[in-house]
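**Student:** Residues per chain are reported as follows:
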Amino acid sequence: MSLSPADFHQLEAWFAEASTLPAEKRARFVEICRETDARLASELEQMLEAQPLAEAAFLPRQHGDWRIKRVLGEGGLGLVRLAERDTPTGKQLGAIKHIHANFDAGSFRARFLKECEILKALAHPQIAAFLDAGLDSAGSPYFVMEYVNGLAWDDYTAHVKPTVERVAMLFRDLLAAVAYLHESSIVHADIKPSNVLIDRAGAVKLLDFGAARMLDADGKSRDSTFTRAMLTPEWASPEQRQGTSCTPASDIYSLGLLLRSCCGESADLRAIADKASRDEPSERYESALAMAADVTHFLRNEPVGARTANMQYRARKFARRHRIAAAFAACALVAAGAAWWIEAERARQASELRSTLIENVRPEKAIAQVLKSAAADMEADAPKTEQAQLHLRMAQMHAVRSRPDNAAQELKAAETAVAADAPSPERDKMRVRLLLSQGFVLGKQDKLVEAADMVIEAFKLWETIPDRNIELRQSGYYLRELADALIARGEFSRGIEILHWNVRRTEWIGDSATTNVNKRDLAARCATIPEAIRSEEKLTKLCAN
Amino acid sequence: MEIDVQELYAELRRIAALHFRRAGRQLTLQPTVIVNEAYIRMQGKDWRSKTHYLATASRVMRNVVVDYARTRLSAKRGAGGKQITLSFAENAAAPPGLSAIDVIALERALDELEALDARKARVVELRWYGGLEVEEIAGVLDTSPATVKRDWEFSRTWLYKQLSCP
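Protein chains in written order, with this note's numbering: chain D, 662 to 1206; chain A, 44 to 209.
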């Protein structure tokens, strides 16, 4: 239709006004306009409908180094598109998330930036990694995540039809990611099938932190603003739906629903799903780790804690248990280790170096930064422990990028630097961290026995340090996986000793719930070891604990 | 120093022709890419400023693209000739036929916009054909970045609507 200039400017004014309103208030606004000028109001209505499409169509095809390829989907606050950039080693794909122009203000923008900030702080093999962020030419923020080419959880289970064991293993990996989140004081708050992807390599990836929130020291979420409007009711816990609270227990609930949707005939998995999705938060699993422990029991044909102890059930489990090789335990080891190591290092750090590293996600840039700082430190004649710190950091980067040989080299350099320092508790702490790191790298190189010896040496040294104040919070999952892998290879003594240190670790942290889980784990593993071997002096002592 | 528009025009045509040849049968153009390429090639000449250059180039680019589209259309008319299109950010949700902008349809809508509000049409020209940043456009048009942002937001929606339901 043709408009007079006066109509056109009226339309423009209405459009500008409507653009500032949240979606649900716009219809009402259009109705008010309709009372003034029906024809112009329907013009406005059409424009408001076309707005997101128009925005997508006219968006620049280039953001920073990223070239847009195609649309992947529409998230709560904006569009997610596939993009690529050139790197020295070839093209890199990413999923770029761009805030919708309507939301680029006030609390929405804050929410978007919060998502970006949360992603940036996370590093876990089962969480889609943060790659880049920036402002577009109009000043609107965008960020880029690892592109996961895969199937959503429900599509995967429906079309690929995995065995129930495979489902349980994937689910355990997912639980590891959620446990990592919770230990980082973050609640995902929107776990549902479309946010859990299985990539081409068969690995689970958790994504979309658009509803995620940070927790206070007392475990309550800080920001309750409008996330309630954004949640997906079918998968949300009762307390989220009522808007009363959102805690790690809310994620456990959604995980329970997710597991129930794909547990098939398995009574064990169903029991686990039921326990996780109780209406009353306190009746659910106390943590994602506890839930993971039960899934592990299922995988090992051990009694599942969620089912009532019943002699016949236990006997049946025991009989099946020894028929199936426990070899699969090793494969989760590397993933678990990476998560722990990165987080332990990160949590401990508060230096500027750290923020440089995390902010400069481009590896070549980060390395250059580290080397520059390293050079500066050498000039300032920094203590050797500081130099070791730099080598440790380099090693960490290599390890995360699956270059264990380079990592080992850096760790060696760190060791040399520390050895030259005068003895002190600080030096010992550094050595503990180095030993644990070496253990991790060795595990990655599949040298399990050497890895175990490093880890055990690390803990022995740890116990001699007066304040023992070293970040060990994240290592439980790794230690359990390492112990499992060792026991599966017949290295009973080392495996059990590592489980023993895992108990000592949580005792020292003061986490009695996890300590109990760890103690049960230790006892359960001791029970699987043949009597003749267990009667060796060392094991008897450890198992009696 | 004034920009030699003839020279600029010739350069833009050369680069655009190259892009068309490279694009083969697809015939989609990214005007901003061409303008930027021209800018790089013509650097070293004494342009008053990059913005000044780009502002002129965006006007010329618009003419280059539209001329191309019209020539093509008349040459191929009746033989199922292809439309010249500008690359749209690919969007699965865009109406069919709008996955790329039909240059001539856009030109018609842009003319209409120009008649109603000349500044808005200029914003589109600078942004879409010239690839200028909001701040730069504000400088060229001697207005505030907020106004440019608002103009752009409205204009692109209005144009999109004109293109999708003519």
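What the hints contain is simulated information worked out from the structure, not anything from laboratory work.
Each hint should be verified, as a subset may be incorrect.
Unchecked claim - Taking lysine to aspartate or glutamate pairs in the DMTMM-like style, the calculated list, with each CA pair at most 25 angstroms apart, reads:
#, chain 1, residue 1, chain 2, residue 2
1, A, Lys192, D, Asp1172
2, A, Lys192, D, Glu710
3, A, Lys93, D, Asp797
4, A, Lys192, D, Glu1118
5, A, Lys204, D, Asp698
6, D, Lys1180, D, Asp1114
7, D, Lys730, D, Glu678
8, D, Lys1180, D, Glu1192
9, A, Lys204, D, Glu678
10, D, Lys1202, D, Glu1087
11, A, Lys204, D, Glu745
12, A, Lys192, D, Glu685
13, A, Lys192, D, Glu844
14, A, Lys204, D, Asp668
15, D, Lys752, D, Glu706
16, D, Lys781, D, Asp726
17, D, Lys1121, D, Glu1087
18, D, Lys730, D, Glu826
19, D, Lys853, D, Asp816
20, A, Lys204, D, Glu1118
21, D, Lys1090, D, Asp1128
22, A, Lys192, A, Glu178
23, D, Lys853, D, Asp797
24, D, Lys730, A, Asp185
25, A, Lys192, D, Asp1107
26, A, Lys204, D, Glu1192
27, A, Lys93, D, Asp726
28, D, Lys853, D, Glu826
29, A, Lys204, D, Asp1128
30, A, Lys192, D, Glu895
31, D, Lys1121, D, Asp1172
32, A, Lys204, D, Glu826
33, A, Lys192, D, Glu826
34, D, Lys936, D, Glu895
35, A, Lys93, A, Glu178
36, A, Lys204, D, Glu706
**Student:** Holds or violated: Lys204 of chain A with Glu826 of chain D, Cα cutoff 25 angstroms?
**Tutor:** Measuring from Cα to Cα gives roughly 52 angstroms; hence the hint is violated.
**Student:** Compare the distance between the alpha carbons of Lys204 of chain A and Asp1128 of chain D with 25 angstroms, and conclude whether the hinted pair is satisfied.
**Tutor:** Roughly 68 angstroms separates the two Cα atoms, so the pair is violated.
**Student:** Decide if the proposed pair is consistent with the structure: Lys730 of chain D and Asp185 of chain A, CA atoms, cutoff 25 angstroms inclusive.
**Tutor:** violated, 34 angstroms
**Student:** Below or equal to 25 angstroms on CA atoms is what counts here, so check Lys192 of chain A against Glu710 of chain D.
**Tutor:** OK: Lys192 of chain A and Glu710 of chain D at ~19 angstroms, within 25 angstroms.
**Student:** Straight-line Cα separation of Lys192 of chain A and Glu826 of chain D no greater than 25 angstroms?
**Tutor:** violated, 54 angstroms
**Student:** Going straight from one Cα to the other, do Lys853 of chain D and Glu826 of chain D come out at no more than 25 angstroms?
**Tutor:** holds, 20 angstroms
**Student:** Is Lys204 of chain A close enough to Glu745 of chain D, meaning Cα to Cα at most 25 angstroms?
**Tutor:** Violated: Lys204 of chain A and Glu745 of chain D sit about 30 angstroms apart, past 25 angstroms.
**Student:** Are the Cα positions of Lys1180 of chain D and Glu1192 of chain D separated by 25 angstroms at most?
**Tutor:** Roughly 19 angstroms between the alpha carbons, so the hint for Lys1180 of chain D and Glu1192 of chain D holds.
**Student:** Regarding the pair Lys192 of chain A and Glu844 of chain D, is the alpha-carbon distance no greater than 25 angstroms?
**Tutor:** Not satisfied, since the Cα-Cα distance of roughly 42 angstroms exceeds 25 angstroms.
**Student:** Take a quick look at whether Lys192 of chain A and Glu178 of chain A sit within 25 angstroms of each other, Cα to Cα.
**Tutor:** Measuring from Cα to Cα gives roughly 9 angstroms; hence the hint holds.
**Student:** Does the structure keep Lys1121 of chain D and Glu1087 of chain D at a Cα separation of 25 angstroms or less?
**Tutor:** holds, 16 angstroms
**Student:** Is it true that the CA of Lys730 of chain D sits at most 25 angstroms from the CA of Glu678 of chain D?
**Tutor:** violated, 33 angstroms
Hint compliance for this structure: hints 1, 4, 7, 10, 11, 13, 15, 18, 20, 23, 24, 25, 26, 29, 30, 32, 33 are broken, all remaining hints hold.
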